[in-house]
Amino acid sequence: MKPAINTGEYFITGDVACAEGALAAGCRFFGGYPITPATEIAEHLSVRLPKVGGTFIQMEDEIAAMAAVLGASWGGVKSMTATSGPGFSLMMENIGLGICTETPCVVVNVQRVGPSTGLPTQGAQGDMMQARWGSHGHYEIIALAPFSPQELFYQTIHAFNLSETYRLPVLIMTDEMVGHMSEKVIIPDAKKIKTVSRCKPKGRKNRFKLYEPGPNLVAPMPAAGEGYNIHVTGLTHDTRGYPDMTVETHKQMMDRLIGKIRGNLNDIIQTESYRLDDAEIAIVSYGISARTSSAAVDEARKRGIKAGLLRLITVWPFPEDKIRELANRVKGFVTVEINLGQIHLEVQRCIGGKVPAFLVGDAGGAVIPPDRVLEVLKEAF
Amino acid sequence: MKPGHPPGHPLEDLLRTDRIPSIWCPGCGIGTAFSSCLTAIKESKIDPKKVVMVSGIGCSGRAAGYVKLDSFHTTHGRAIPFATGLKLARPDLTVIVFSGDGDLFAIGGNHFIHAARRNIDITVVCVNNFNYGMTGGQAAATTPSMAKTPTTPYGNPETPFNLPLMAYASGAVYVARWTILHSRDLTESINESLTKTGFSFIEVLSPCPVNYGRRNKEKPLDTLKIYKDRTIIKNKAHPTQVDLDYEKGIILGKFVDVDRPTFGESYAKICRQDKPE
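Protein sequences, first through last, are from chains A and B. In this text, residue positions in the first sequence follow my numbering: the first is 1, and each later residue adds one. In this text, residue positions in the second sequence follow my numbering: the first is 1, and each later residue adds one.
Hints are computed from structural coordinates only; laboratory data are not their basis. Small disclaimer: the values here were computed from a predicted structure and weren't measured. Heads up, the beta-carbon is just placed ideally off N, CA and C, and yes, glycines get one too. Be a bit skeptical, because a hint or two may be false.
To be verified - Computed list of chain A residues with no C-beta within reach of chain B, every gap over 10 Å:
1. Lys51
2. Glu60
3. Lys194
4. Tyr274
5. Leu340
Said to hold, decoys possible - Listed next, the in silico DMTMM-like pairs over lysine to aspartate or glutamate satisfying Cα-Cα at most 20 Å (straight line):
6. A:Lys331 <-> A:Asp244
7. B:Lys148 <-> B:Glu192
8. A:Lys51 <-> B:Asp13
9. B:Lys219 <-> B:Glu265
10. A:Lys209 <-> B:Asp274
11. B:Lys196 <-> B:Glu265
12. A:Lys331 <-> A:Asp267
13. B:Lys68 <-> B:Glu43
14. A:Lys51 <-> B:Asp274
15. A:Lys331 <-> A:Asp298
16. B:Lys68 <-> A:Asp189
17. A:Lys302 <-> A:Glu379
18. A:Lys205 <-> B:Glu265
19. B:Lys49 <-> A:Glu226
20. A:Lys209 <-> B:Asp92
21. B:Lys269 <-> B:Asp245
22. B:Lys42 <-> A:Asp244
23. B:Lys45 <-> A:Glu226
24. B:Lys148 <-> B:Asp257
25. B:Lys68 <-> A:Glu226
26. B:Lys50 <-> A:Asp298
27. A:Lys205 <-> B:Glu218
28. A:Lys302 <-> A:Glu320
29. A:Lys205 <-> B:Glu43
30. A:Lys2 <-> A:Asp277
31. A:Lys209 <-> A:Glu183
32. A:Lys205 <-> B:Asp47
33. B:Lys68 <-> A:Asp244
34. A:Lys2 <-> B:Glu43
35. B:Lys68 <-> A:Asp277
36. A:Lys354 <-> A:Asp298
37. A:Lys251 <-> A:Asp277
Claimed, not checked - Selected chain B positions facing chain A (in silico; Cβ < 8 Å):
38. Phe72
39. Asp92
40. Lys228
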């Protein structure tokens, strides 16, 4: 067996950093399907997983990949898949199963340009609303958007920790630019990496109820083969896990699925503020576009424009309170993202018309240059 | 047994009795296939704690909800890839996929052939009732040519799959076909496949009088009579020869029982072991 955590200093791509982050988090199962620009995650794990006691399998499609990840998770193993646009679309069905059955796992989307096959080798941030609402029905999801290979390493660990804590598929919505860029990545000593594992049930097995929640609305989770005779279904189910086709049970189930996220927003949401304290204009951005935006902030400040950046590390659940608080003290917002207005709509929703909101967006395929942001800052305010 | 109480069901310890009655209609064959499966689990002497059932969607897919084992009722067609992940994560578990023909061979067909090709060590029991029972009897990938269903009102213009042939061609190491009337043979086959290493496939022909029989002039008893009079038990019959042909006779039996390395075995040998550099 080789060490799962390769402590050291590396010059690696975001995709490889993501794979190493997964291993450091304790991921021991990867089910995937090749797709640009996420393939390198699968390739790296196909080398590494068998040597650390894990399993890599290339499935027949992304539907199967997502199903296998859920199956492995119920086997008690931390599991992950990685994909991009078309594959993400195929995974939606079983992401819904993961949400309904409360199955911890991590899904990485290295975003490329859509719709459809789009520009397969070029980056975008066009799947943000799909991340939020892509599977049918109403639900809450957690989605993270790291902006560098180093952060992709750490946020992959964090995504596993969140998925194990709150029992749901956690999405890492990175992009082709971050996935394919090579930068310095430091993998710390194993002792310095904090990992979380799902809470296991205690007490008498015959009294056990699969979905009887603890204080944070999350129920302890046994694995298959531990003697609990669990029944896991994507049908609406009661606390025993049994299907129950009533409006009341459905409401109870939904209250909990949504409540476990909405009730823990402070624990889940991470943002980073850059020169925001005295800012008059708040730029909201994430992923690769946050790098564009921080450069634009510096340029704007040189010209006497008081701009600051709110970088969303967690995109879903959306940091509504943070935006509302900012709306009370800035003159306006600019959202920078490589799509034609997705998170921009959320920003507008939270501002509620108090101050103007502008979008610096593109159809995708290239990084938005800081000049474009600067132009808007100069003209609009 | 308490005085005055009726004797328990012989399979009670493997049933979620608090979920009975089942949704299955009178005359449906799924219950018989299901009970053969439970009997086989008992007879196999495998610790039930280590036996897992995975189902997809449809009438047969509800089996996972009635079995008192760790059981997973997944999405439509996806029982096999779910089971694949579970088995690879937990090789110590015996994994049974119990589902229907529509689930496993139309929406889930791709997963079936790939799991057989990889020789994933699971047992797949397919209750073939020739139609989508749960949604009202629409045509499936197994519906006989010319059969009437709500989506083939003029008769089915398509040709059905020969399931044992597909399993064989895809690489299954154990392939058998029985009807629900042959429940002892069926039980024996499931029992054999549970202890067999590799991808096992058992097709169970089963009546759906409410949705299929009714539209095709087949009363519940007629179907069972066909199973009695027009079946031929021919173990080792070549899968190319076992098309469902009611005129020539339906061939039943164990068609394939061979050995080859499973995915797990090959993965351990080829990928896990460090080779000298």
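How the hints compare with the structure:
1. Lys51: violated, 7 Å
2. Glu60: violated, 4 Å
3. Lys194: holds, 24 Å
4. Tyr274: About 41 Å separates A:Tyr274 from the closest Cβ of chain B, which puts it past 10 Å; holds.
5. Leu340: holds, 32 Å
6. A:Lys331 <-> A:Asp244: Violated. A:Lys331 to A:Asp244 sits at ~51 Å, over the 20 Å cutoff.
7. B:Lys148 <-> B:Glu192: Measuring from Cα to Cα gives roughly 36 Å; hence the hint is violated.
8. A:Lys51 <-> B:Asp13: violated, 41 Å
9. B:Lys219 <-> B:Glu265: violated, 47 Å
10. A:Lys209 <-> B:Asp274: The given pair, whose Cα atoms are some 43 Å apart, is violated under the 20 Å limit.
11. B:Lys196 <-> B:Glu265: Holds - the C-alpha atoms of B:Glu265 and B:Lys196 are around 14 Å apart, at most 20 Å.
12. A:Lys331 <-> A:Asp267: Violated. A:Lys331 to A:Asp267 sits at ~29 Å, over the 20 Å cutoff.
13. B:Lys68 <-> B:Glu43: Holds, at about 16 Å.
14. A:Lys51 <-> B:Asp274: holds, 8 Å
15. A:Lys331 <-> A:Asp298: Holds, at roughly 18 Å.
16. B:Lys68 <-> A:Asp189: violated, 45 Å
17. A:Lys302 <-> A:Glu379: Holds, because 16 Å separates the two Cα atoms, which is no more than 20 Å.
18. A:Lys205 <-> B:Glu265: Status violated; Cα separation ~33 Å.
19. B:Lys49 <-> A:Glu226: holds, 7 Å
20. A:Lys209 <-> B:Asp92: violated, 24 Å
21. B:Lys269 <-> B:Asp245: The hint is violated at about 43 Å.
22. B:Lys42 <-> A:Asp244: violated, 29 Å
23. B:Lys45 <-> A:Glu226: Roughly 18 Å separates the two Cα atoms, so the pair holds.
24. B:Lys148 <-> B:Asp257: violated, 35 Å
25. B:Lys68 <-> A:Glu226: holds, 13 Å
26. B:Lys50 <-> A:Asp298: Roughly 61 Å separates the two Cα atoms, so the pair is violated.
27. A:Lys205 <-> B:Glu218: violated, 47 Å
28. A:Lys302 <-> A:Glu320: The given pair, whose Cα atoms are some 30 Å apart, is violated under the 20 Å limit.
29. A:Lys205 <-> B:Glu43: Since the Cα atoms of A:Lys205 and B:Glu43 sit roughly 25 Å apart, the hinted pair is violated (cutoff 20 Å).
30. A:Lys2 <-> A:Asp277: Roughly 46 Å separates the two Cα atoms, so the pair is violated.
31. A:Lys209 <-> A:Glu183: Violated, at roughly 47 Å.
32. A:Lys205 <-> B:Asp47: Holds: A:Lys205 and B:Asp47 sit about 16 Å apart, inside 20 Å.
33. B:Lys68 <-> A:Asp244: Distance of about 17 Å is within 20 Å: holds.
34. A:Lys2 <-> B:Glu43: Roughly 42 Å separates the two Cα atoms, so the pair is violated.
35. B:Lys68 <-> A:Asp277: Not OK: B:Lys68 and A:Asp277 at ~59 Å, beyond 20 Å, violated.
36. A:Lys354 <-> A:Asp298: This hinted pair is violated, its Cα atoms lying about 26 Å apart.
37. A:Lys251 <-> A:Asp277: Roughly 42 Å between the alpha carbons, so the hint for A:Lys251 and A:Asp277 is violated.
38. Phe72: This hint holds: B:Phe72 lies near chain A, its Cβ roughly 5 Å from the closest one there, short of 8 Å.
39. Asp92: holds, 7 Å
40. Lys228: violated, 35 Å
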